[in-house]
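Novice: Turn these sequences into a full structure, and let the hints steer you where they fit.
From first to last, the protein sequence lines stand for chains A and B. First residue of the first sequence? That's 1 in my numbering, and the numbers climb one at a time after it. First residue of the second sequence? That's 217 in my numbering, and the numbers climb one at a time after it.
Hints listed in this document are in silico derivations from the structure and should not be mistaken for laboratory results. Honestly, I wouldn't trust all of these hints.
[Unchecked claim] Here are the in silico distance ranges between beta carbons for each label pair:
(1) B:Q379 x A:R54: 47 to 57 Å
(2) A:K26 x B:K409: 39 to 49 Å
(3) A:E212 x B:S273: 43 to 53 Å
(4) A:V52 x B:D420: 47 to 57 Å
(5) B:A250 x A:T56: 32 to 42 Å
(6) A:S215 x B:K289: 33 to 43 Å
(7) B:K323 x A:D40: 24 to 34 Å
[Unchecked claim] In the SDA-like style, the derived pairs of lysine to any residue whose C-alpha atoms are separated by at most 20 Å in a straight line are:
(8) A:K123 x A:S89
(9) A:K123 x B:D281
(10) A:K123 x B:I249
(11) B:K289 x A:L135
(12) B:K289 x A:E138
(13) A:K123 x B:L253
(14) B:K348 x A:G36
(15) A:K73 x B:K372
(16) A:K107 x B:M251
(17) B:K287 x A:S121
(18) A:K132 x A:S121
(19) B:K289 x A:N120
(20) A:K123 x A:E19
(21) A:K193 x A:F96
(22) A:K123 x B:K284
(23) B:K242 x A:R130
(24) A:K132 x B:N246
(25) B:K424 x B:F312
(26) B:K348 x A:S76
(27) A:K71 x B:S337
(28) B:K289 x A:N159
(29) A:K26 x A:Y59
(30) A:K123 x B:Y275
(31) A:K123 x B:S307
Predicted model, so just to flag it, every value in this text is computed and none were measured. All residues carry an ideal CB built from backbone N, CA and C; glycine is no exception.
The lines below spell out each chain.
Number of protein chains: 2
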Amino acid sequence: MAIKHLLFDIDDTLFASSEFSALARKNAINAMIAMGLDYDYAFLNKKLSQIVLRKTSNYSYHFNDLCKELKVKNPSKFVAAAVAAYHDSKSAIQPFPEVPITLLKLKEKGYPLYIATTGNSVKQWDKLIRLKIALYFEEVFVSDQKNEQFYKKILKSLNTKPQNCMMIGDREDRDILPAKKLGIQTVRVFVGKYSRESVPSQADYKIKKIDELLSI
Amino acid sequence: MAIKHLLFDIDDTLFASSEFSALARKNAINAMIAMGLDYDYAFLNKKLSQIVLRKTSNYSYHFNDLCKELKVKNPSKFVAAAVAAYHDSKSAIQPFPEVPITLLKLKEKGYPLYIATTGNSVKQWDKLIRLKIALYFEEVFVSDQKNEQFYKKILKSLNTKPQNCMMIGDREDRDILPAKKLGIQTVRVFVGKYSRESVPSQADYKIKKIDELLSI
Chain A
1 MAIKHLLFDI DDTLFASSEF SALARKNAIN AMIAMGLDYD YAFLNKKLSQ
51 IVLRKTSNYS YHFNDLCKEL KVKNPSKFVA AAVAAYHDSK SAIQPFPEVP
101 ITLLKLKEKG YPLYIATTGN SVKQWDKLIR LKIALYFEEV FVSDQKNEQF
151 YKKILKSLNT KPQNCMMIGD REDRDILPAK KLGIQTVRVF VGKYSRESVP
201 SQADYKIKKI DELLSI
Chain B
217 MAIKHLLFDI DDTLFASSEF SALARKNAIN AMIAMGLDYD YAFLNKKLSQ
267 IVLRKTSNYS YHFNDLCKEL KVKNPSKFVA AAVAAYHDSK SAIQPFPEVP
317 ITLLKLKEKG YPLYIATTGN SVKQWDKLIR LKIALYFEEV FVSDQKNEQF
367 YKKILKSLNT KPQNCMMIGD REDRDILPAK KLGIQTVRVF VGKYSRESVP
417 SQADYKIKKI DELLSI
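Specialist: Now the structure itself:
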């Protein structure tokens, strides 16, 4: 068998990342209202969305900024309520239902599994732990950007050839194109918001659910 | 009625803080072992205790330091597992059983309730939120040290006289002595590790459970 190493994206590939983020923000806003913040949900949601857009989702002080914008006098209790509700929601993430059994079957077939993702490695391991699939993975490769250089580094670290690797992800620009350019086999999973892009995918395989991997 | 404002300590007064911290650390160590860290529990617990002692409990990188000491090669997954288990345990804190009903009865009697504590105000509000008693409190007063100056500041902020205030806490040195010196009424709650001190308390009232407040 040619393929020896399987690389996975996490967000919107192994779990419904965007949906859970939206839910976490909703729960956070409701927790601030429950603590006595006297604004309606739609207004707070709009303000918060603007802050998230401006500061990106990796910023840690969205709720502090929201309180500052609203000129809240003693913001600590609202920030604490929002952060607690947000983290509780983030802790309750679940994988797509077919994910755990598919990963287990791939392990039984002898494939070592890896994560190739952007961001912070402790945060990405935290997601795998929350999703209860951490034990299936050998290593998490992280980088600021998913570009050719990143995939080259992974190949070097695994001491393997591109044709012996397969990258599985939901984003054409990050998961498919740079990996394919190097000769890595690519699988595009059509889930989440990027599945609605109109540009045709150049991935070697196109699937809707991760369990279809087993028949590739 | 003379007493108008009630000030409470949080840790080991409203909940079994030391017990929950010990449990959180135990769960964190077990989570690292479950993730494949190959050392026995007693050894890891000893190492971690030394780090906590050295860096104090307010330090944020105990588990990173532990991995560094053990020369763990890819520490991210162990750090993530430990932090997740630690936070989950900290999120599950419960008040002493008589606390919520006592606070509610005090509110019904018209007393405004406050927290006087050390540390960070968002973290202290987070505890009140986790304990599900946050709505009972008007304000959280925080300071680096619980000394006379801190209690003076609180009196000023509440625009009240010491004899109209009552401070309730488990620690003679922080909750009782400095408050009593200013003329604030003091209640020592004999729970947790400080209840075993042999020095006699100078508090105006001594109780074993918080519901005894209702008959003072």
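Novice: Does each hint hold? Answer for all of them.
Specialist: Cross-check of the supplied hints:
Range check, Q379 (chain B) to R54 (chain A): about 51 Å between beta-carbon atoms, so the 47 to 57 Å window is met. Between K26 (chain A) and K409 (chain B) the C-beta distance comes to about 41 Å, which sits within the given range of 39 to 49 Å. Checking the proposed 43 to 53 Å range against E212 (chain A) and S273 (chain B) shows it holds: the Cβ atoms sit about 49 Å from each other. Remark: the range hint 47 to 57 Å for V52 (chain A) to D420 (chain B) is upheld by a beta-carbon distance near 51 Å.
Hint check: A250 (chain B) to T56 (chain A), Cβ distance near 33 Å, so the stated range 32 to 42 Å holds. Remark: the range hint 33 to 43 Å for S215 (chain A) to K289 (chain B) is upheld by a beta-carbon distance near 36 Å. Separated by about 27 Å at the C-beta atoms, K323 (chain B) and D40 (chain A) satisfy the suggested range of 24 to 34 Å. The straight-line distance between the Cα atoms of K123 (chain A) and S89 (chain A) is roughly 15 Å, inside the 20 Å bound, and the hint therefore holds.
Between the alpha carbons of K123 (chain A) and D281 (chain B) the distance comes to roughly 17 Å, so the proposed pair stays at or under 20 Å and holds. With a C-alpha separation of about 19 Å, the suggested pair K123 (chain A) and I249 (chain B) falls inside the 20 Å cut-off, and the hint holds. Restraint check: the Cα-Cα separation between K289 (chain B) and L135 (chain A) comes to about 17 Å, which is no more than 20 Å; the hinted pair holds. Distance hint between K289 (chain B) and E138 (chain A) is fulfilled; the C-alpha atoms sit about 13 Å from each other, no more than 20 Å.
Restraint check for K123 (chain A) and L253 (chain B): the C-alpha separation of about 19 Å stays at or below 20 Å, so the hint holds. With a C-alpha separation of about 14 Å, the suggested pair K348 (chain B) and G36 (chain A) falls inside the 20 Å cut-off, and the hint holds. At roughly 18 Å between alpha-carbon atoms, K73 (chain A) and K372 (chain B) fall within 20 Å of each other, so this suggested pair holds. Restraint check for K107 (chain A) and M251 (chain B): the C-alpha separation of about 17 Å stays at or below 20 Å, so the hint holds.
About 18 Å separates the Cα atoms of K287 (chain B) and S121 (chain A), which keeps this hinted pair within 20 Å; it holds. Proposed proximity of K132 (chain A) and S121 (chain A) is supported: the alpha carbons are some 16 Å apart, at most 20 Å. A C-alpha spacing of about 17 Å is found between K289 (chain B) and N120 (chain A), which places the hinted pair at or below 20 Å, so the restraint holds. Between the alpha carbons of K123 (chain A) and E19 (chain A) the distance comes to roughly 18 Å, so the proposed pair stays at or under 20 Å and holds.
For the hint pairing K193 (chain A) with F96 (chain A), the CA-to-CA distance comes to about 15 Å; that is within 20 Å, so the pair holds. For the hint linking K123 (chain A) to K284 (chain B), the alpha-carbon distance of about 18 Å falls within 20 Å, and the restraint holds. With a CA separation close to 19 Å, the supplied pair K242 (chain B) and R130 (chain A) stays within the 20 Å bound. The suggested pairing of K132 (chain A) with N246 (chain B) holds, with an alpha-carbon distance near 15 Å, which does not exceed 20 Å.
Of the pairs offered as hints, the one joining K424 (chain B) and F312 (chain B) holds, with about 11 Å between alpha carbons and a cut-off of 20 Å not exceeded. With a C-alpha separation of about 16 Å, the suggested pairing of K348 (chain B) with S76 (chain A) holds against the 20 Å cut-off. Our distance criterion of 20 Å between C-alpha atoms is met by K71 (chain A) and S337 (chain B), whose separation comes to about 18 Å. Using a Cα cut-off of 20 Å, the hinted pair K289 (chain B) and N159 (chain A) holds, with the two alpha carbons roughly 18 Å apart.
Restraint check: the Cα-Cα separation between K26 (chain A) and Y59 (chain A) comes to about 17 Å, which is no more than 20 Å; the hinted pair holds. A threshold of 20 Å between alpha carbons decides the hint, and for K123 (chain A) with Y275 (chain B) the separation of about 19 Å falls inside it, so the pair holds. Simply put, K123 (chain A) and S307 (chain B) have alpha-carbon atoms about 18 Å apart, close enough for the 20 Å limit, and the pair holds.
Of the numbered hints given earlier, the model fails none.
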